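Here are the chains, one letter per residue:
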Amino acid sequence: MGSFFELMNGFASALTPTHLAMCFAGVALGQIVGVLPGIGPSAAIALLLPLTYGSSPTAAIIMFAGIYYGAQYGGTLTSVLISVPGEASTVMTSIDGHQMALQGRGGVALGIAAIGSFIAGTLGTLGLMLLAPPLARGALAFGPPEYFALVVLGLTALAAVGSSLSKGLATGVLGLVLGTIGIDPQTGVSRFDFGFVWLLDGIEFIVLTVALFGVGEVLATCTMGTVRPVVEVKGMLPTREDWRASRMPILRGSFIGFVVGVLPATGATIASFVAYIVEKKLARDPSRFGHGAIEGVAGPEASNNAAAAGAMVPMLALGVPGSGTTAVILGALIMFGLRPGPEMFEKNSELVWAVIASMYIGNVLLLLMNLPLAGLFAKLLKVPYH
Amino acid sequence: MAVRPAPGEVGLAILFALVGVVWIVGALGMPFWEGFAPQSGFLPFVYGIMLAALSAAVMLGLFRAENTAADLQPVGKPLLVLAALTLAVVGVQAAGFGIAIFLMMAFLFAVVERLPVIRSLIVSGLTTAVLIGVFRAWLGVPLPAGPFGI
Numbered sequence: 489m490g491s492f493f494e495l496m497n498g499f500a501s502a503l504t505p506t507h508l509a510m511c512f513a514g515v516a517l518g519q520i521v522g523v524l525p526g527i528g529p530s531a532a533i534a535l536l537l538p539l540t541y542g543s544s545p546t547a548a549i550i551m552f553a554g555i556y557y558g559a560q561y562g563g564t565l566t567s568v569l570i571s572v573p574g575e576a577s578t579v580m581t582s583i584d585g586h587q588m589a590l591q592g593r594g595g596v597a598l599g600i601a602a603i604g605s606f607i608a609g610t611l612g613t614l615g616l617m618l619l620a621p622p623l624a625r626g627a628l629a630f631g632p633p634e635y636f637a638l639v640v641l642g643l644t645a646l647a648a649v650g651s652s653l654s655k656g657l658a659t660g661v662l663g664l665v666l667g668t669i670g671i672d673p674q675t676g677v678s679r680f681d682f683g684f685v686w687l688l689d690g691i692e693f694i695v696l697t698v699a700l701f702g703v704g705e706v707l708a709t710c711t712m713g714t715v716r717p718v719v720e721v722k723g724m725l726p727t728r729e730d731w732r733a734s735r736m737p738i739l740r741g742s743f744i745g746f747v748v749g750v751l752p753a754t755g756a757t758i759a760s761f762v763a764y765i766v767e768k769k770l771a772r773d774p775s776r777f778g779h780g781a782i783e784g785v786a787g788p789e790a791s792n793n794a795a796a797a798g799a800m801v802p803m804l805a806l807g808v809p810g811s812g813t814t815a816v817i818l819g820a821l822i823m824f825g826l827r828p829g830p831e832m833f834e835k836n837s838e839l840v841w842a843v844i845a846s847m848y849i850g851n852v853l854l855l856l857m858n859l860p861l862a863g864l865f866a867k868l869l870k871v872p873y874h
Numbered sequence: 061m062a063v064r065p066a067p068g069e070v071g072l073a074i075l076f077a078l079v080g081v082v083w084i085v086g087a088l089g090m091p092f093w094e095g096f097a098p099q100s101g102f103l104p105f106v107y108g109i110m111l112a113a114l115s116a117a118v119m120l121g122l123f124r125a126e127n128t129a130a131d132l133q134p135v136g137k138p139l140l141v142l143a144a145l146t147l148a149v150v151g152v153q154a155a156g157f158g159i160a161i162f163l164m165m166a167f168l169f170a171v172v173e174r175l176p177v178i179r180s181l182i183v184s185g186l187t188t189a190v191l192i193g194v195f196r197a198w199l200g201v202p203l204p205a206g207p208f209g210i
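Taken in order, these protein sequences are the chains called A and B.
In this text, residue positions in the first sequence follow the working numbering: the first is 489, and each later residue adds one.
In this text, residue positions in the second sequence follow the working numbering: the first is 61, and each later residue adds one.
Careful: at least some of the hints might be erroneous.
On the chain A side, residues computed to face chain B include the following (Cβ under 10 Å) [to be verified]:
| id | residue |
| --- | --- |
| 1 | 541 |
| 2 | 542 |
| 3 | 618 |
| 4 | 660 |
| 5 | 662 |
| 6 | 664 |
| 7 | 665 |
| 8 | 672 |
| 9 | 674 |
| 10 | 677 |
| 11 | 708 |
| 12 | 772 |
| 13 | 774 |
| 14 | 824 |
| 15 | 825 |
Have a look at the derived ranges for each label pair, beta carbon to beta carbon [unchecked claim]:
| id | chain 1 | residue 1 | chain 2 | residue 2 | range |
| --- | --- | --- | --- | --- | --- |
| 16 | B | 113 | A | 708 | 25 to 33 Å |
| 17 | A | 692 | B | 134 | 16 to 24 Å |
| 18 | A | 592 | B | 189 | 40 to 48 Å |
| 19 | A | 692 | B | 137 | 45 to 53 Å |
Hints listed in this document are in silico derivations from the structure and should not be mistaken for laboratory results.
Here the structure is a predicted model, which means the values were calculated and not measured.
Where a beta carbon is used, it is the ideal one built from N, C-alpha and C, also for glycine.
Chain A on its own, in the form it takes in the complex (with noise of 0.2 Å):
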């Protein structure tokens, strides 16, 4: 009861003008996002940190999650429409996505990847809701050795990033040989300054956030891309026997989208992975998966989008990022002065719940701009990417 009375109190947050035009503002940029392939919303977020400098944390915040699981609806149009995934995780939605639009069903694809979408989005709000409380109190009776077993863990979760595990972890070592830099806070040491007054600080962490994610990915896919025909979009709603088709998908999608997001190092791209080949195990007929089935787009747009929310869960419980554009919001909470970690949902819920409610407010946003705006939305495509 306690937790409907904070998120009522999120509700009313959530819905003040300023904190409901960063949620629009940030579903909209996430959209944006997501179409474009190139730039994802790790990066996005990273390049947007140093323009919240000195606004309101939870409306930062609001914004940032906004573009977060906003990718994950734009990262749709693209792989359905031209099969270049806008994002990683809608690598699977291309797959069918746009077999479908070859078929000229390329609308209702995304309807149902939209509404699919939606209720996904909202089942793992609701999981993020009901999961995340009890895991920061749980959290709260650690001592220094927990603690230490849940760096432990973050730090050997890197190792699941990526397709190498020791490239996973030479660059979690790296991140610690960096965070050597400066006086050593229990000796007062100077350390590996190399004669710099301004390393005596360390690096600041908005430094190598923007570095990594907003010129790393930049650099990465420059050399990427090329100029295709746009299918047009028409019809989005789609009918009773697509809906029949994907109910379960969707639920199915929802689940596992949420169970693989909570867990540290994983997101929403492994999410939408899983989700697909679960569909195709469990369908009559397999050999329909790759020439246009309908399950396969949404069960995996239903996973990736379930795993957003699911990744905000270690996040705002634990301190742990559930995936790299987690990883970015939560250095974005230092920036703003706040600790991360399982004393938030105590010292800071007002944020907190806020940040939950206006999750809900924005998928029904991002639903209601999917459905009629594909079309408008379609035409970004036309931006030549080189």
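Knowing the structure of chain A, use the given hints to seat chain B on it.
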């Protein structure tokens, strides 16, 4: 067909290993342990060894794995973008934020992306003006002004 690993990946692994070695050497010049507690050199030493060892593991993996030609991507364009960005960052103090960013963007648009020169200059100028407006005028960030005051 198996081919050699990407030079960039090998170079990065070598760079990581070198950082590890620098940390090991640097840590040896710091107090290591006193009584029951580690001192400022202990963790950098351990991290340095871990980084060097993991970099060696990455290198080993690169040469043992079969790298297909599809894995290798052209690096010319990213290197040009990186070079322009580096020069802009280095030149910000001397030339000022506005000049450095304008020149970087004009270079990226006109040379790297091969867009028409006039359009590149207009877009670069407008974007620089917006950045200066947001960061210097609105947020009050003391960006380096350079000899021309921008």
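Against the structure, the hints come out as follows:
{"no.": "1", "hint": "541", "result": "holds, 6 Å"}
{"no.": "2", "hint": "542", "result": "holds, 7 Å"}
{"no.": "3", "hint": "618", "result": "violated, 39 Å"}
{"no.": "4", "hint": "660", "result": "holds, 9 Å"}
{"no.": "5", "hint": "662", "result": "holds, 6 Å"}
{"no.": "6", "hint": "664", "result": "holds, 5 Å"}
{"no.": "7", "hint": "665", "result": "holds, 5 Å"}
{"no.": "8", "hint": "672", "result": "holds, 4 Å"}
{"no.": "9", "hint": "674", "result": "holds, 7 Å"}
{"no.": "10", "hint": "677", "result": "holds, 4 Å"}
{"no.": "11", "hint": "708", "result": "holds, 7 Å"}
{"no.": "12", "hint": "772", "result": "violated, 35 Å"}
{"no.": "13", "hint": "774", "result": "violated, 27 Å"}
{"no.": "14", "hint": "824", "result": "violated, 15 Å"}
{"no.": "15", "hint": "825", "result": "violated, 17 Å"}
{"no.": "16", "hint": "B:113 <-> A:708: 25 to 33 Å", "result": "holds, 26 Å"}
{"no.": "17", "hint": "A:692 <-> B:134: 16 to 24 Å", "result": "violated, 33 Å"}
{"no.": "18", "hint": "A:592 <-> B:189: 40 to 48 Å", "result": "holds, 46 Å"}
{"no.": "19", "hint": "A:692 <-> B:137: 45 to 53 Å", "result": "violated, 29 Å"}
Against the hints set out earlier in the document, violations occur for numbers 3, 12, 13, 14, 15, 17, 19.
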